[in-house]
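Participant: Given chain S, work out where chain V should sit, using these hints.
From first to last, the protein sequence lines are chains S and V. Sequential numbering of the first sequence, starting at 1, is according to my numbering. Sequential numbering of the second sequence, starting at 1, is according to my numbering.
For the record, the hints were derived by calculation from the structure and aren't laboratory data. Treat each hint with caution, since some may be false.
Lysine-lysine pairs mimicking DSS-like chemistry, simulated, CA-CA at most 30 Å apart [what the hints assert, rightly or not]:
#1 V/Lys112 with V/Lys68
#2 S/Lys9 with V/Lys112
#3 V/Lys61 with V/Lys49
#4 V/Lys49 with S/Lys9
#5 V/Lys61 with S/Lys9
From a predicted model like this one, the values you see are computed outputs, not experimental measurements.
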Amino acid sequence: NAGVTQTPKFQVLKTGQSMTLQCAQDMNHEYMSWYRQDPGMGLRLIHYSVGAGITDQGEVPNGYNVSRSTTEDFPLRLLSAAPSQTSVYFCASSYQTGAPNQPQHFGDGTRLSIL
Amino acid sequence: AQSVTQPDIHITVSEGASLELRCNYSYGATPYLFWYVQSPGQGLQLLLKYFSGDTLVQGIKGFEAEFKRSQSSFNLRKPSVHWSDAAEYFCAVGATASGTYKYIFGTGTRLKVLA
Numbered sequence: 001n002a003g004v005t006q007t008p009k010f011q012v013l014k015t016g017q018s019m020t021l022q023c024a025q026d027m028n029h030e031y032m033s034w035y036r037q038d039p040g041m042g043l044r045l046i047h048y049s050v051g052a053g054i055t056d057q058g059e060v061p062n063g064y065n066v067s068r069s070t071t072e073d074f075p076l077r078l079l080s081a082a083p084s085q086t087s088v089y090f091c092a093s094s095y096q097t098g099a100p101n102q103p104q105h106f107g108d109g110t111r112l113s114i115l
Numbered sequence: 001a002q003s004v005t006q007p008d009i010h011i012t013v014s015e016g017a018s019l020e021l022r023c024n025y026s027y028g029a030t031p032y033l034f035w036y037v038q039s040p041g042q043g044l045q046l047l048l049k050y051f052s053g054d055t056l057v058q059g060i061k062g063f064e065a066e067f068k069r070s071q072s073s074f075n076l077r078k079p080s081v082h083w084s085d086a087a088e089y090f091c092a093v094g095a096t097a098s099g100t101y102k103y104i105f106g107t108g109t110r111l112k113v114l115a
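Here chain S stands alone, though its shape is the one from the complex (with noise of 0.2 Å):
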């Protein structure tokens, strides 16, 4: 059972370039997440979904974009990439019960460094 993975572990950018950060989960969960985590502000909320064609804003979405086309798949994408976004991104999903009394399951991170 893999549970939530993220591709690539590791990635290096120029100011300016796109890249999609990739996430699948194989837990049949609804709900997912992205997260930034940065040194001293703990996890930030970028994006999220309840189910397939269903996104929304966290707390520090701008310069992302996401889309959930499948319960399984759930990219985060850089649309041009800037040194402020430098960071450890974490995707994580659990299952929906009407109420936030799930635990998340988190993949292992992507860390992303903007030169």
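Facilitator: Here is chain V on its own, set in the frame of chain S:
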């Protein structure tokens, strides 16, 4: 607005000593509370969760947490710390907003264990 505060950025304890990590939350309704642990280079792993019932909850790896509504706290404890407990610990609250829900994380407490 919902928020989670972990007042201690770093904590150092000796192996075998007891541990308490503090977490305070701000949320108007019944909170859904979680503690996660993050080892270096890894994603977050659930330690324990609370939504109702007994205010003292047991988790994995010998951890427990006590919910105190009057203090808006959900502190994590362990009677005897092992060197392998060195990691970063995150408190989180599941909150309902605008017909959906999201998870809000504290900024984390990094635990160092002295041999």
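Participant: Do the alpha carbons of V/Lys61 and V/Lys49 lie within 30 Å of each other, as the hint requires?
Facilitator: holds, 14 Å
Participant: Does V/Lys68 sit within 30 Å of V/Lys112, going by the straight-line distance between their CA atoms?
Facilitator: Since the Cα atoms of V/Lys112 and V/Lys68 sit roughly 26 Å apart, the hinted pair holds (cutoff 30 Å).
Participant: Hey, S/Lys9 versus V/Lys112, does the alpha-carbon distance stay inside 30 Å?
Facilitator: Distance ~26 Å between S/Lys9 and V/Lys112 Cα, so the pair holds.
Participant: Within 30 Å, alpha carbon to alpha carbon, are V/Lys49 and S/Lys9?
Facilitator: holds, 28 Å
Participant: Does S/Lys9 lie within 30 Å of V/Lys61 when you go C-alpha to C-alpha?
Facilitator: OK: V/Lys61 and S/Lys9 at ~27 Å, within 30 Å.
Against the hints set out earlier in the document, no violation occurs for any number.
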